[in-house]
Structure formats: C-alpha cells, structure tokens
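Colleague: Input sequences plus hints: build the corresponding full structure.
If you're matching them up, the sequences are chains A and B in order. Per the working numbering, the first sequence starts with residue 3, numbered consecutively. Per the working numbering, the second sequence starts with residue 270, numbered consecutively.
No lab work stands behind these hints, which were simulated from the structure alone. Source: prediction; values computed, not measured. Think of the CB as a built atom: it goes at the ideal place given N, C-alpha and C, for glycine as much as any other residue. Keep in mind that the hints are not guaranteed to be accurate.
What the hints assert, rightly or not - Distance condition first, Cα-Cα at most 25 Å in a straight line; then the derived DSS-like pairs of lysine-lysine:
1. A/K106 to A/K555
2. A/K583 to A/K602
3. A/K555 to A/K583
4. A/K109 to A/K150
5. B/K322 to A/K539
6. A/K539 to B/K318
Said to hold, decoys possible - Calculated from the model, a selection of chain A residues having no Cβ within reach of chain B, i.e. all distances over 12 Å:
7. L268
8. Y592
9. I608
10. N624
11. A632
12. T637
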Amino acid sequence: MTDTDIFLLALLLPAALGAALTVIPGHTRTISRISLALCAVSCIVGATTFFAVDMLPLVGFTATFGPLVGCYSVSFDGFTGLVVSLSSIVYLLTVIHQATMPEKFDKTNIGLICILFGSCIVAMVADSVVLLLIGWEMVSLVTFLMTKGADEMYRWRYFVITHFGGLFIMAVFAALWYTSGTCVLSELPVVGTGMSSAVSAAMVFLLYIGFGTKLGIIPFHAWMPDLYSSAPVHSVTLLSTVCSNVAILLLVKSTFLWIGVPDGALVPTAILALAALGSIWGAMESLIQTQPRRILAYSSMENMSMVLVCLALAMLFQNEFDKALTALILCAGVLHTLNHSFFKALMLLNVGSMERLTGKSDIKDLGGLALYLPALSLFALIGTLSMAAIPPTNGFVSEWLMIKSVVSAGTGTSALNVMLPLVVAALGMCGTMAAVSYARLYGFVFLGRPRSENVPKAEKMKKSMAAPLAALSVACLAMGVFSVQLVDVINEHLQSDLGLDGVSRTLMTDALDPAMIAVILVGTGLVVYALFRLFRKERRTVTTWDCGTPLNKDMQYSSEGFSQPLVRVFHPFYGDSSEIKDTVGGTDTYRIRFVEPFMKYVLVPIGRGVRMFSLQVDRIQNGNIQSYLAYMLITLLVILMGVRILC
Amino acid sequence: MLNFVLALVQAAFLISVSPLVTGMVKKFKALMQHRKGADIFQPYRDLAKLFRKDETISESTSILFRIIPYICFAAMVLLAFMVPVFFTDILAPYGDLITMVYLFTLYRFCMVLGGLEGGSVFGGMGSSREMMMSVLIEPALLLAIMSVCVLSNGGTSIEAVPALLIGMGTAAFCPALILAAASFIITMVAENARIPFDNPATHLELTMVHEAMLLEYSGRGLALMELSSQMRLAIFMTILGTVFIPWGISLGTEPVDLLVGLVSIMLKLVVVSFFLAMLESAISKSRLFKTPNLLTASFVLALLAIISLYIL
Chain A
3 MTDTDIFLLA LLLPAALGAA LTVIPGHTRT ISRISLALCA VSCIVGATTF
53 FAVDMLPLVG FTATFGPLVG CYSVSFDGFT GLVVSLSSIV YLLTVIHQAT
103 MPEKFDKTNI GLICILFGSC IVAMVADSVV LLLIGWEMVS LVTFLMTKGA
153 DEMYRWRYFV ITHFGGLFIM AVFAALWYTS GTCVLSELPV VGTGMSSAVS
203 AAMVFLLYIG FGTKLGIIPF HAWMPDLYSS APVHSVTLLS TVCSNVAILL
253 LVKSTFLWIG VPDGALVPTA ILALAALGSI WGAMESLIQT QPRRILAYSS
303 MENMSMVLVC LALAMLFQNE FDKALTALIL CAGVLHTLNH SFFKALMLLN
353 VGSMERLTGK SDIKDLGGLA LYLPALSLFA LIGTLSMAAI PPTNGFVSEW
403 LMIKSVVSAG TGTSALNVML PLVVAALGMC GTMAAVSYAR LYGFVFLGRP
453 RSENVPKAEK MKKSMAAPLA ALSVACLAMG VFSVQLVDVI NEHLQSDLGL
503 DGVSRTLMTD ALDPAMIAVI LVGTGLVVYA LFRLFRKERR TVTTWDCGTP
553 LNKDMQYSSE GFSQPLVRVF HPFYGDSSEI KDTVGGTDTY RIRFVEPFMK
603 YVLVPIGRGV RMFSLQVDRI QNGNIQSYLA YMLITLLVIL MGVRILC
Chain B
270 MLNFVLALVQ AAFLISVSPL VTGMVKKFKA LMQHRKGADI FQPYRDLAKL
320 FRKDETISES TSILFRIIPY ICFAAMVLLA FMVPVFFTDI LAPYGDLITM
370 VYLFTLYRFC MVLGGLEGGS VFGGMGSSRE MMMSVLIEPA LLLAIMSVCV
420 LSNGGTSIEA VPALLIGMGT AAFCPALILA AASFIITMVA ENARIPFDNP
470 ATHLELTMVH EAMLLEYSGR GLALMELSSQ MRLAIFMTIL GTVFIPWGIS
520 LGTEPVDLLV GLVSIMLKLV VVSFFLAMLE SAISKSRLFK TPNLLTASFV
570 LALLAIISLY IL
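Modeller: Printed below as a string of structure tokens:
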C-alpha cells in the first residue's frame with residue numbers, strides 16, 4: 003500500500019463505516035452518535051489534505067481500481083487540497099452542530115451525511131471522467147434524499163432542475179472523453195481535447211449551465227428558497243456550502259485546466275451577463291423575504307453568481323485583457339467561494355439553532371433576541387458582517403479583490419473595456435443591496451423588541467451547540483484579517499496547478515492590509531473606551547422613547563416595512579404581488595406576497611408545455627396491439643432507411 | 270520620519286477641523302438667510318457639552334448599541350488616516366480608494382443597526398430610508414472612483430492619484446474628471462444627509478433619515494456619533510479636494526509647497542462649505558421618493574465619466 007492508498011482509506015473508510023452502521027435497526031441515538039463521530043474522523047483527515055499534498059508526494063498520483071469501464075483514478079494537487087481542506091472543516095463543524103441536536107436524529111439522514119462527505123471528496127479529487135460523473139451524481143442524489151421533510155414538490159423541483167444540469171455535465175464530459183480519447187482528466191492538457199474552438203466554447207457554456215443549476219444561476223434558482231426554508235437545516239448547510247465548493251472547484255478546473263478557456267468573447271460574456279443578472283436578482287429578492295432561511299437562500303444565489311461573474315471575467319481577461327489579472331480575479335472568485343462556505347455555514351447553523359431554541363422561523367415572530375441569546379447574536383453579527391462585506395471580515399476581502407481587479411483591468415486598451423464599469427456597478431449594487439438585506443435580517447431577528455412570547459422564553463444555548471458556531475465565527479474573522487496570506491497561497495497554487503500567470507504580489511499586498519485595518523479600528527475604539535472609563539459618567543436605563551404612549555410589541559418597524567422604500571424604487575422588477583388577508587384573533591392582518599417572476603413566467607410555462615406535450619404523446623398509447631405492431635414496423639423502416647442513407 | 274510626522278499632523282488637522290467645517294456650513298447658511306447664526310466654533314461647544322453629560326440608554330438595546338459609536342468613530346479615524354489632506358504621504362497606507370468606500374459602508378451599516386436597536390419606529394424608519402439611498406449611492410461612488418483611477422492610470426491607491434493627476438497637466442481637465450467630480454458631489458450631499466436628501470437641522474418625521482437613527486443616543490454616545498458624522502462630511506470634502514481636484518496639494522516636503530498645500534485645502538473646504546450652504550438655501554428638501562432620481566443622475570454621470578474615457 004502506498005501513502006496515498008492509506009490516506010484515501012483514512013479519508014473515506016470512516017465515513018463509509020458510519021454510513022453502513024446506520025442500516026442497523028434500533029438504537030437511534032447511539033448509532034447516530036457513532037456515525038457522526040466516524041464522519042467527523044473523515045472530516046478531520048480531510049482537513050489535513052492540503053498539508054498532506056505538500057508532505058506526502060501525492061501530486062499526480064494515479065490509482066487504478068479495476069477492470070470496469072474506464073479508469074478510476076484520483077489525483078491530489080495543492081489547489082484541490084486547499085478546497086478539500088477548508089470544505090472538510092466546514093463539514094466537520096456542521097456535523098458537530100448536528101450532534102448537538104439529538105432530538106432531531108434521523109438515522110437515514112445521518113447515513114446520507116456520511117455518504118455525502120465521500121461523494122464530495124470523490125467529485126473533488128476525481129481524475130477520471132467516470133469517477134467525476136459518479137461523484138457528482140452521488141452529490142446530487144444524496145442531497146435530494148437528505149432533504150426529506152421538505153415539501154415533496156420542492157424536493158422534486160430540486161431533483162429535476164439539478165438533474166437537468168447533470169445531463170449537461172454528463173454530455174460535456176462524455177464528449178470530452180470521446181474526442182480526446184482519454185478518460186484521465188489530468189492527461190487532457192497534454193493530449194488536447196481534440197475539439198474545434200467553437201465546440202469547446204459551447205462545451206464550456208453547457209458546463210456553466212450544468213453546474214449553475216446547483217449554484218442557482220438564473221433562471222435555475224427557483225428551487226432554492228422553498229427547499230432552503232423547509233428542508234433540515236444541516237442538509238441545507240451542506241448543500242449550500244460544501245456542494246457549492248465542489249461545483250466551483252470543478253468549474254475552475256474544467257475551464258482553466260481540462261477544456262481550456264474558450265476563444266472569443268461570446269461565451270464568457272454570455273455567462274457574465276447571466277451571472278451579473280443573477281447576483282442582482284438574488285440580492286433584490288432577498289430583500290422581500292420574510293424568513294431568515296429564504297433570505298439566506300437568495301444570498302447563496304447572489305454570492306455564487308458573484309463567483310460566476312469572477313470566473314467569466316477570468317476567461318475574458320485571459321483572452322482580451324492583461325493575463326496577469328486572470329489569476330487575480332480567479333483568486334477573488336475562489337476566495338469568495340471559500341469565504342462563502344464559512345459565513346454561510348455560520349449563518350445557516352445559527353438560524354438552525356435559533357429556530358430550535360425559539361421554535362419560530364418567521365421574522366415577524368422574532369426580534370430582540372440579542373438580549374436573550376447574547377452568544378448566538380454575537381455569532382450572527384459576525385456572520386452578518388461577513389456576508390455584508392464589511393471590513394475587515396472575510397467577505398469584504400473577496401469583494402474588494404473582485405472590484406480591484408476589474409478597476410485594474412480598466413486601464414487596458416481592449417474594445418471590451420466599456421463593459422467593465424457595468425460590472426463594477428453590478429457588483430457594487432448587488433453588494434450594497436445584499437448588505438441592506440443582511441442588516442434587515444440581523445436587525446429584525448436580533449435587535450428591537452420581541453414580537454412574540456417565544457423570544458423571552460427562548461431556551462438557553464448549550465455550550466456544545468455554541469462551539470461550532472464560535473469556531474466558524476473565528477474562522478470568518480481570521481480569514482479576513484489574514485487574507486493576504488490566504489490569497490498568496492491560492493495565487494501560488496493557481497500558478498503551479500492551473501498554469502496561470504501569477505499576480506504580482508504588489509497588486510494585493512501593497513493596496514490592502516486587512517490586519518492593519520483591524521488593528522487601527524480596534525485600537526482606536528479601545529483608546530476611546532479607555533478614556534471614557536477614566537472619566538466615568540453615569541448611565542441610566544430607560545424605556546425606548548415612546549412619545550408618551552407605552553409601546554406594545556407591534557409598535558415598531560416591521561421587516562416588510564423596512565424594505566418597502568427599496569421595493570417601491572425597484573417595483574417594476576419585483577413582478578406581481580398579491581395581498582393576503584388573515585384574520586388572527588378577531589383582527590385582520592394584511593400581508594403582501596410577491597410571486598417569483600422566473601417561477602411564474604419561465605419555469606411554470608415550461609412545465610405546462612412539457613405536460614401538454616406528454617398528453618399528446620399519450621394519445622398514441624391507445625393500448626391496441628395492432629397500433630403497437632404498426633409503430634414497430636414504422637420504427638424499423640425508419641432505422642433501416644437511416645442506416646442506408648448514412649452508410 | 271519627517272513624512273510620518275507630517276502625515277500625523279495632517280490626520281490630526283483633518284480630525285480637528287471637522288466640527289469647524291460643519292460650523293462653517295451652518296454660518297454661511299445663516300448669513301444667506303439674513304440670520305446672524307451661531308458662532309462657527311459652536312459645534313465644538315456642543316460636542317464638549319455632550320461629552321460631559323450622563324447617558325440614558327433604552328432597556329431593549331443590546332451591548333451592540335453601546336459599541337456602535339466606538340466603531341463608527343474608529344472607522345472615521347481610520348479614514349482620516351488614509352486621506353491625503355495637504356501632503357500626499359499618508360499615515361495608514363493599508364487600504365485604497367475601494368477600501369474607503371467599504372469603510373463608509375461599515376459606518377453606515379453600524380449606524381443602521383444602531384437605529385434598529387431599541388425597536389423605536391423612528392429608528393426603523395431612518396434606517397430603512399438610509400439603506401434605500403445607500404443602494405444607489407454606492408455604485409455611483411465606486412464608478413466615480415474607478416474613473417479617476419483609470420484616468421490617472423495608477424492603480425487604486427489614494428496617495429498616488431493626486432500626483433498622477435497633477436503630472437498629467439492640462440490633459441487631466443477632461444470630461445471624465447468633470448463628470449466624475451459632479452457625480453461625487455451629488456454622492457457627497459446624499460451620503461452626508463444634506464438637503465435635498467435629508468435635512469440635518471430638523472427632527473421632523475417627514476424629513477428624518479440620519480437624525481432618526483441617532484434618536485436613541487444620548488450623552489457620550491451621541492457625541493461620538495455627531496463627531497463621526499462631522500468627520501464624514503470633512504473627509505468627503507477632503508477627498509473631493511485632493512483626489513478629484515488635486516491641484517495645490519504638496520507633492521514633497523518643501524516648506525513652501527506644504528504651506529501652499531495647507532492654504533489650498535483650507536480654501537477648498539471653505540468653497541465647498543459655501544457651495545453646500547448655497548445649495549441648502551436655494552432648494553428645499555425633496556420628497557423621499559424623488560431622491561432616487563437624483564441619485565440615478567449621479568450614477569449616470571459617473572458611468573458617462575468612465576465611458577467617455579474609452580470612447581473619446
């Protein structure tokens with residue numbers, strides 16, 4: 003056995019054992035705990051991948067597993083190792099969080115969590131077409147199974163949309179295998195894809211749509227909010243963070259390593275347009291959602307679309323602009339993906355804890371949690387600041403890198419320059435809108451006064467439940483403050499593993515030093531605080547200013563009211579709204595619900611079309627044996643004629 | 270060493286004149302309205318009074334409410350360290366023009382959260398309106414900065430842009446710079462909650478944006494918030510005077526140049542204050558839902574600025 007075999011066994015065997023254990027009937031809690039522990043072991047091994055790649059000479063290793071169709075080889079490189087390691091950390095913390103909610107243990111679900119870890123790893127390190135497709139299909143299938151508990155329609159919508167994308171991915175990789183003659187992906191840069199430039203451009207486009215269905219590229223995002231709001235929170239967390247990392251890693255590797263950047267500006271521009279629209283759309287829709295989970299769903303869409311903007315720009319820069327900027331914008335994209343997995347995991351687990359402790363999942367029943375769950379609200383604040391790209395958190399650094407590289411590209415002399423200010427405007431706009439949306443999320447869940455009895459009665463948070471959240475919060479801050487080092491690592495591996503021209507370090511390190519920014523911010527605050535402590539003044543606690551009328555729980559701004567001015571400004575884009583009247587306890591309440599236009603005007607009509615088409619097809623199935631014989635005859639004739647004409 | 274001392278002096282200068290700038294705007298405004306008006310040093314007295322007072326805090330606020338004034342103030346101090354005033358070397362070259370935009374976002378974000386603390390209707394209203402404007406302000410600000418960066422062709426660093434623009438000679442007086450500066454002025458008026466976007470002088474429900482968010486603050490918290498908002502105005506004016514219209518700033522450490530730089534930035538601050546006072550006396554606060562039109566104009570100006578660089 004080589005070192006790599008041992009490492010792979012250590013990586014996958016515990017999770018596989020964990021999954022196998024859950025088949026045993028009975029003993030739900032014990033078995034669940036053991037399974038989760040085994041999965042955690044796998045995650046810990048996964049977290050060391052990045053260092054293992056450097057220490058054990060695993061690079062370029064190929065293991066062949068058998069005589070089945072194709073070859074089954076894996077390869078670790080530093081770039082993959084980095085993504086695997088950070089994803090494993092997120093996975094580990096999610097698993098730990100799950101272990102702190104024993105009343106929600108479901109053996110099937112926990113088994114699936116174990117399997118999902120293996121699938122994600124396999125998809126990320128796969129070096130053969132077959133293994134990659136198996137890994138990705140497993141990811142899609144297992145995440146679908148893990149959403150048990152959500153409304154069946156939402157689950158199947160997810161299944162159909164992601165498998166639709168899966169078809170594209172399969173088609174692309176099958177074509178790649180066919181034209182290049184090899185199924186080993188790492189051989190592709192040497193052998194060449196054997197495709198004409200137009201075909202390979204089309205392949206890249208299909209690949210972005212394919213993976214985009216999972217990432218929420220417009221208009222395939224329709225499954226996200228409904229599924230996020232009703233599926234088990236840990237499934238959603240893994241789906242939103244680790245699975246997105248897998249998709250982005252595979253996209254980066256296939257575009258910049260395996261297939262190659264397509265010639266011309268058409269395909270990158272098309273992807274750029276879709277992604278930029280998607281990012282603004284995600285931010286806009288998240289403004290009108292009334293459940294934290296739905297806000298986070300649209301936030302995933304927004305963030306992943308921003309990453310796709312980066313990838314599309316990287317392709318453009320490679321062809322049309324300064325090649326040194328390709329690595330910079332790609333760095334931004336990869337960094338944002340990794341950052342996203344941390345702050346989104348933090349927020350989703352936070353919302354999960356909050357729902358568990360208060361029993362409420364709608365903003366209208368929350369508010370003022372900061373007074374009752376201070377630790378939870380601190381973690382949520384850090385997550386919110388990261389999501390809103392507030393310096394010096396990690397979200398800020400990746401957004402800064404994006405804008406920085408686009409502005410730097412602006413001094414070039416390309417005909418496509420005119421596009422760049424629009425990209426900056428789109429990034430700026432979706433960034434700010436998203437910030438508004440997260441200020442709203444934090445402000446109306448954790449600040450203000452309680453809107454229902456459940457808030458003051460919220461259970462206290464256990465230390466074990468707080469631990470993974472604390473770890474994620476620290477990670478969010480550390481990834482921001484030490485981002486210069488992180489960017490150096492990513493940059494180095496983009497050069498060595500993807501063969502890109504490196505960024506001169508001056509572009510990043512001279513222009514931004516988040517550590518010093520953090521030091522000055524905290525230092526100034528502490529100095530002022532110390533001065534104030536020195537000359538102490540009295541502080542009295544009073545009620546909120548109420549103009550003479552004691553305030554009740556409804557006499558405060560509502561989250562719908564908060565975003566209303568923006569909704570009014572952008573009202574043409576929000577589509578149809580309907581007023582809903584509820585009569586609760588004798589009083590009428592009115593709420594406005596917005597219909598997602600892409601659902602109503604794109605996907606539902608497509609569904610209706612497919613249904614009508616199937617009904618037409620159904621008409622030839624008349625159950626008459628003579629008709630079926632006739633169909634056979636006709637088919638045979640058509641095939642024979644076709645063969646005759648073609649050969 | 271000399272550079273460091275000078276950079277320290279200019280940061281201290283910027284922080285210490287910020288209340289004076291606000292006082293100046295108020296005085297000019299009063300004179301234009303045939304009032305005598307308060308002394309231009311009145312903001313200092315107000316701040317001193319607030320710093321001496323006790324605080325009252327709402328019982329429904331969390332600890333964040335008490336931390337926010339420190340964060341807002343720290344953000345503005347950091348910005349004051351980052352902006353060249355009369356001399357192009359700066360104290361904290363740890364961020365560039367883009368970082369600056371994000372630091373303003375940090376300030377705004379914290380202020381909005383502060384407004385939502387306490388759960389008062391006024392705070393919520395102010396926060397909501399501030400956020401509506403911010404969505405339109407920030408892209409315009411980013412584009413205005415991008416056009417200056419592309420025009421000066423020197424990356425995004427704050428201290429490099431003024432020297433490069435001056436080095437360009439008369440070529441710098443192109444439509445791009447004028448349009449970008451115009452866009453930046455509109456952004457400045459909006460960011461600093463001045464008429465026609467907001468009325469800093471009133472506490473009326475109909476006009477309140479910025480003041481509404483500060484309603485729950487008192488004593489030292491309020492003093493820090495007020496000082497931060499005065500610093501924000503002064504920093505915006507300084508950026509206008511050194512990044513968009515850099516002529517006069519000292520590029521080296523020659524005493525004569527430094528003197529010219531100091532005089533020119535003071536003149537620029539006086540002129541911009543006068544302009545603000547004139548604007549506030551000439552027009553009235555516009556309806557809330559009319560302000561997006563003006564902000565869109567600012568956005569379009571900035572977009573035209575940068576596109577004019579590519580097509581002219």
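Colleague: For every hint, state whether the structure bears it out.
Modeller: Comparing the hints with the structure gives:
Taken as a hint, the A/K106 and A/K555 pair is broken in the structure, with Cα atoms around 31 Å apart against an allowance of 25 Å. Of the supplied pair hints, the one linking A/K583 and A/K602 holds, its CA atoms being roughly 22 Å apart against a limit of 25 Å. Taken as a hint, the A/K555 and A/K583 pair is honoured in the structure, with Cα atoms around 20 Å apart against an allowance of 25 Å. Under the criterion of a C-alpha separation no larger than 25 Å, the hint pairing A/K109 with A/K150 is consistent with the structure, at around 12 Å.
Taking the CA atoms of B/K322 and A/K539, the gap is near 7 Å; set against the 25 Å cutoff, the hint holds. Of the supplied pair hints, the one linking A/K539 and B/K318 holds, its CA atoms being roughly 13 Å apart against a limit of 25 Å. Distance check for A/L268 against chain B: the nearest CB is about 20 Å away, which clears 12 Å, and the non-interface claim stands. No beta-carbon of chain B comes within 12 Å of the beta-carbon of A/Y592; the shortest separation is about 18 Å.
Chain B leaves A/I608 outside its interface by the beta-carbon criterion, the shortest separation being 32 Å against a cut-off of 12 Å. Every CB of chain B lies more than 12 Å from the CB of A/N624, the least distance being 59 Å, so the non-interface label holds. Taking the minimum C-beta to C-beta distance to chain B, about 64 Å, the non-interface status of A/A632 holds against the 12 Å cut. Distance check for A/T637 against chain B: the nearest CB is about 59 Å away, which clears 12 Å, and the non-interface claim stands.
This entry does not satisfy hint 1, going by the numbered hints stated previously; all others are met.
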